[in-house]
Amino acid sequence: EAQVTQNPRYLITVTGKKLTVTCSQNMNHEYMSWYRQDPGLGLRQIYYSMNVEVTDKGDVPEGYKVSRKEKRNFPLILESPSPNQTSLYFCATRAFSGQGPYEQYFGPGTRLTVT
Amino acid sequence: SQQGEEDPQALSIQEGENATMNCSYKTSINNLQWYRQNSGRGLVHLILIRSNEREKHSGRLRVTLDTSKKSSSLLITASRAADTASYFCAFINTGGFKTIFGAGTRLFVKA
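Chains as they are written, first to last, in the numbering used here: chain A, 54 to 168; chain B, 1266 to 1376.
Mimicking DSBU-like on lysine-lysine, the simulated pairs with C-alpha atoms at most 35 Å apart in a straight line are: (1) K1363(B) / K110(A); (2) K110(A) / K1335(B); (3) K1363(B) / K70(A); (4) K118(A) / K1291(B); (5) K1291(B) / K1334(B); (6) K71(A) / K118(A); (7) K124(A) / K1291(B); (8) K1375(B) / K1291(B); (9) K1335(B) / K1321(B); (10) K118(A) / K1363(B); (11) K124(A) / K71(A); (12) K110(A) / K70(A); (13) K124(A) / K1363(B); (14) K110(A) / K1291(B); (15) K1334(B) / K110(A); (16) K71(A) / K1363(B); (17) K1335(B) / K1363(B); (18) K1321(B) / K124(A); (19) K118(A) / K1335(B); (20) K122(A) / K1363(B); (21) K124(A) / K70(A); (22) K110(A) / K124(A); (23) K110(A) / K1321(B); (24) K1375(B) / K1334(B).
Hint data in this document are derived by calculation from the structure and do not stem from the laboratory.
Next up, chain B with everything else stripped away, as it sits in the complex:
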């Protein structure tokens, strides 16, 4: 399977702490994206990092990409209870046709 792998599977932290999620993949990619899903709802796009980028920021989100290790991480700083959700990495193969998702990390932020 080409599916990405994410760890941890679940993460529980206190409000104000930082949350880090990791994603690894096996194929060559064009870009890697992170999505958020609230409890069984549709996914919402958070941030995209291209294969020639190493780090990207968006608000409280910081994404890194290491193509030599085929891995990416998502850091959420100063987490809030409203950040409680599942987070998925997704990558598009170099042809740009298929999208492959990781299994997701469930984040729970306690108020």
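In isolation and in its complexed conformation, chain A is listed as follows:
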């Protein structure tokens, strides 16, 4: 079964305590991406990766880091979380080529609260 998994699903943490949200996919997709969702703002892209060791910034990369050492995994790292990073985070994947397909598959989300 095609799957995108995220862990943890829920996390409450304190300001400044480093954390990692993991994302894993079993579809052998080249493209992986992280989004944050905030009320009234839709989804905003944080970082994306077009393949192993190839990453680039989305629209809101400040305060986040990513790595892509393996094709199936794309962790999101918050080195020093702040309350404005409280949000719902989604990982998504798709196959990547200039002609598509462009359909993205989303993970179940990680609800992060930073106090």
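Using the hints provided, position chain B relative to the given structure of chain A.
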């Protein structure tokens, strides 16, 4: 910001009625997609329309795209209570790398 804009922000209709949502964007696009999200869950892909297409159908869904106006609409016909969800448009820039989402339309279908 390159973010897409959607209207209305919220829509409440009776079961059986049609629901129309609109999306506008500012950049050049390769394609435009519509996604559905149930209450805080992951998004599910509904339909994609390419920049050289004007209209596309899938079941009760009809999507139009007007590249001259940089806008798209999603029509859900004969709505059902189970259609209650948030709907987002998303477009991929011409490089095919970035995906930009609209702010979403919350649809509530009353039984």
